[in-house]
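Colleague: Chain by chain, the residues:
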Amino acid sequence: MTQHELALTAAKARLLGLEMVYAAASGHLGGSLSSLDALTVLYQNVMRVDPANPQKPDRDRFVLSKGHCTPALYPTLALRGFFPVEDLKLFRSIQGHMSGHAEMHHVKGVDMSTGSLGQGISAAVGLALAGKLDKAGYRVYTLLGDGELAEGQVWEAAMSAAKYHLDNLCAVVDVNGLQIDGKTSDVMPTEPLDKKFEAFNWHVIHVDGHDLTALEEAYTQAAAHKGQPTVILARTVKGKGVSFMENNAGWHGKAPNAEQYEQARAELSAHIAKLEVE
Amino acid sequence: MEHIATRAAYGEALAALANEYPNLVVLDADLSGSTMSKKFADVCPDRFFNMGIAEANMAGVAAGLAAAGKTAFIHSFAMFAAGRAWEQVRNSIAYPRLNVKVIGSHGGLSVGEDGATHQCIEDYAIMRAIPGMLVLSPCDGPEMRLAVKALLEYDGPAYMRLGRLAVDSITDEVEGYTFQLGKGSQLRGGTDATVIATGMMVQEAVKASDALQAEGLRVRVIDMHTIKPLDEALVLQCARETGAIVTSEEANVLGGLGSAVCECVAASCPVPVVRHGVEDVFGRSGAAKAVLDAYHLNAEGIAQAVRRAISLKK
Chain W
1 MTQHELALTA AKARLLGLEM VYAAASGHLG GSLSSLDALT VLYQNVMRVD PANPQKPDRD
61 RFVLSKGHCT PALYPTLALR GFFPVEDLKL FRSIQGHMSG HAEMHHVKGV DMSTGSLGQG
121 ISAAVGLALA GKLDKAGYRV YTLLGDGELA EGQVWEAAMS AAKYHLDNLC AVVDVNGLQI
181 DGKTSDVMPT EPLDKKFEAF NWHVIHVDGH DLTALEEAYT QAAAHKGQPT VILARTVKGK
241 GVSFMENNAG WHGKAPNAEQ YEQARAELSA HIAKLEVE
Chain B
1001 MEHIATRAAY GEALAALANE YPNLVVLDAD LSGSTMSKKF ADVCPDRFFN MGIAEANMAG
1061 VAAGLAAAGK TAFIHSFAMF AAGRAWEQVR NSIAYPRLNV KVIGSHGGLS VGEDGATHQC
1121 IEDYAIMRAI PGMLVLSPCD GPEMRLAVKA LLEYDGPAYM RLGRLAVDSI TDEVEGYTFQ
1181 LGKGSQLRGG TDATVIATGM MVQEAVKASD ALQAEGLRVR VIDMHTIKPL DEALVLQCAR
1241 ETGAIVTSEE ANVLGGLGSA VCECVAASCP VPVVRHGVED VFGRSGAAKA VLDAYHLNAE
1301 GIAQAVRRAI SLKK
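As given, the protein sequences belong to chains W and B, one line each in that order.
So that you can map any letter, position 184 of the first sequence is 184 in my numbering, and since no number is skipped, the others follow by simple counting.
To convert, count from 1 in the second sequence and add 1000; that's my numbering.
Possibly wrong hints are sitting among the right ones.
To be verified - Short derived list, chain W residues pointing at chain B, Cβ under 7 Å: (1) Met-104; (2) Met-112; (3) Ser-113; (4) Ser-116; (5) Gln-119; (6) Ser-122; (7) Ala-123; (8) Val-125; (9) Gly-126.
Since the hints were derived computationally from the structure, they do not count as laboratory data.
Computed from a predicted structure; not experimentally measured.
Backbone N, C-alpha and C define an ideal beta-carbon position, used for all residues, glycine too.
Between the sequences and the hints, there should be enough to build the whole structure, so can you do that?
Modeller: Next up, the structure:
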């Protein structure tokens, strides 16, 4: 995809995410909106996947370690062609298969079930280790939140990825600086992230998590780096794209009311319309 | 008679089957010499991963390996494999039904000298509480070897306890003995009561049954190596035919084999059930045999429970 097409796809995914959460009257928008640019670039221009054959053995894998950000992952998968966009309407519904947190057996394209924070990155290490063992060429990606990094298991996983020189593993941290209870710097400071990952023997790349060109370049750099796993520290804005949600921890896991929904939809739709005429 | 710890038989069996199962990967958390997973590492270093003292990550990495098609066996002491990593086992392994076997060595009070922090008496209960989880506790070396093979053939999550102490091998001397996941085995016949035991309490149950013959009691002994799924048909048959049951386990009497048997008979064939095990207290340091005796986890403790169960028969 061109950068313009990527921008349009990410904008559409944000609107789909908003509609899902509004229809379900629950869900996690803040961290989904912040991570959607990184996810869109990853699925559209980086990962080798085949939506017609989601279990293809040599496919690249993705693990949503911040497993609550399904309003980012599911629209991304739908727009990549894994399932119809219509399916998103039953997000979190007993009538559907679009579970609240990511589930590998229910949603096409999901490579690992996640939801309990800190666990996804370990599974990603296991997938990457299997790839090395089988001398398979696939790469493994995982997305974490900066609040999630307070989980000790993340650092256990980081140690083990470095021990086994998993250069087929790339973690992306959606550094939006906020979590449910407030600022990450207040709740439990996880910075300095670059020094921490470097000390754990990871290759570190800094990127503006809303700069699509820079994100694609970061993924390319990560793939080229040998001997170490790579972490991309993507600085982002929580709630990106909806003015009243931006940089507001209150929108971590709350559904908008009708009035808020209409305003958010208008903002995201206007952005899509603007991109469409460009 | 062979005298071998189930962990030793386990390690040998896993190593012996390494080539037959090329998809098998083995992980340990810095206890490979104790859990005996080192036996596998010695013959198959490429498929052995020492994950360090980080059980939570070990469980998650195993889930990832299984999601890529591997059969993963993970190892630590029961306290840490089942206890420390419980939520990882629940959410990353059992919920997605991934092919990971959680192996908890040094279960129960027979850890001995290390004391209560390392004496896991809750593993049966907490692993049994997870939907779809198999829970195994083979009693001796021969049974353990068969259990390892059966687990390799079984596609799905399972927990298995290994014991630290060398124990007498008894199942290989029982005529007609076969091993099948989810099916208990009768080691002694009898009609006055049944002892349903698991792990190293099976040997004690056999001793108790033999001793009680002197009192004129004929006590059936069932080796219930699979705690979940429970062999309900066999439990109910014993309830009907003997009218009283004693369960025996080297674990807390809450939530494990005793609870499973009570749940079964209460629903379908109520008979007295006396649960023999650790009476909801922590263990303590001491030589293994001394600790077991202090908590009445021996043949005499089982015999007393049998007398009580029979006295409760209508």
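Colleague: For every hint, state whether the structure bears it out.
Modeller: Hint-by-hint comparison with the structure:
no.	hint	verdict
1	Met-104	holds (6 Å)
2	Met-112	holds (5 Å)
3	Ser-113	holds (4 Å)
4	Ser-116	holds (4 Å)
5	Gln-119	holds (5 Å)
6	Ser-122	holds (2 Å)
7	Ala-123	holds (4 Å)
8	Val-125	holds (5 Å)
9	Gly-126	holds (2 Å)
Taken one by one, the earlier hints all hold for this structure without exception.
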